[in-house]
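Undergrad: Based on the sequences and whatever the hints tell you, model everything.
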Amino acid sequence: MKGELIFGALALLFIASFFYGMALNPGSEFGGADGAAEDVIAEVNPDYEPWIGNLGFEPPGGETESLLFALQAAIGAVVIGYFFGYYRGKGQSQQ
Amino acid sequence: MHIFEGFLPGPWWQIWFAISIPVIFFGMYRMNKLISERRELLPLLAVAGAFIFVLSSLKLPSVTGSSSHPTGTGMAAILFGPAITAVLGTIVLLYQSLFLAHGGFTTLGANVASMGIIGPVVAYVIYKAGMKANMNFYVVVFLATAFADWATYVVTSIQLALAFPAEVGGSMASFQAFAAIFATTQVPLAIMEGALTALVFKYIVQVKSDALVELKVITAETVEKLRGVVA
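Chains as they are written, first to last, in my numbering: chain A, 1 to 95; chain B, 1 to 231.
Since the hints were derived computationally from the structure, they do not count as laboratory data.
In silico SDA-like links for lysine to any residue, alpha-carbon gap of 25 angstroms or less: (1) B:K59 with A:A74; (2) B:K59 with A:G35; (3) B:K225 with A:G85; (4) B:K59 with B:L45; (5) B:K225 with A:G89; (6) B:K59 with A:G32; (7) A:K90 with B:V223; (8) B:K216 with A:G3; (9) B:K202 with A:G89; (10) B:K202 with B:V121; (11) A:K90 with B:L45; (12) B:K59 with A:L13; (13) B:K202 with A:L5; (14) B:K225 with A:I6; (15) B:K59 with A:L55; (16) B:K216 with B:R30; (17) B:K216 with A:G91; (18) B:K202 with A:Y82; (19) B:K216 with B:F26; (20) B:K202 with A:I75; (21) A:K90 with B:K216; (22) A:K2 with B:I218; (23) B:K59 with A:I41; (24) B:K59 with A:M22; (25) B:K202 with B:A129; (26) B:K216 with B:G130; (27) B:K59 with A:I75; (28) B:K216 with B:L42; (29) B:K128 with B:D210.
One-sided excerpt, in silico: chain A residues whose CB lies under 8 angstroms from chain B: (30) G3; (31) E4; (32) G21; (33) D34; (34) F57; (35) P59; (36) Q72; (37) I75; (38) V79; (39) G91.
All C-beta atoms, glycine included, are put in the ideal place defined by N, C-alpha and C.
TA: Right, dumping it as structure tokens:
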């Protein structure tokens, strides 16, 4: 139980810090930190143009991007849940 | 966060490929060996890969009004070592650059180096040192994972700074600018990631401790001790 409690407390703190951040930056869109890094590049070297465009499939909008991210998380979660369940069941049947 | 397509000019993207490719091939060799010799560990390998998949898809908002995501590589590094983790990381990075326009193919070498190689090496070294110092297993897992996460972003900042030195102050000044962005988002994220990984290891100890012993992650005595605490 102790591990779960520690993690739960940290998760709560994390969420609280998010709301605190929202109150501090009311207009923020919570864009990616990588976007912010792009801004720094533009500042340091204003003439820099990416020398090659995107080669993969570009999601045609925020909604589709969310879908693909959710799909990525779902695939991972299914695999983790399946094998943990498998191990747990195997352990029980051996007892 | 991964460096986007086209955002690393030559010769940097070639250099990072030159560093990453040998490690990936060595990791593939190690992985093949592991799978053929110890087939029963394949599910755990899948779980470690899936863990990276899940964590690197979670874009979490932070105090400063930007978002970033954890890397999830600490767990695989502790279980299977950095070389195999590099292969798992490459798979995830390929998925993201293929379908999400997140990261890129030309910057794949640099992204694998930061997330798949150097972060996991940091995790592995901290893990081994912590266990040698006889610290609590879960605390060591937490530290190793959190520092692997930070190391990934420090390396990303270095990679960007080397490619984009500031006119005043050179690479050092750029590094500070890039690192400042990631520091604020990544500090709380890495703590969360470390805690989550420690929790997952708790479950692995419960359901599959023999695999941990077999992989020489922990000794049988440590398992006994940890189980005594849990029970």
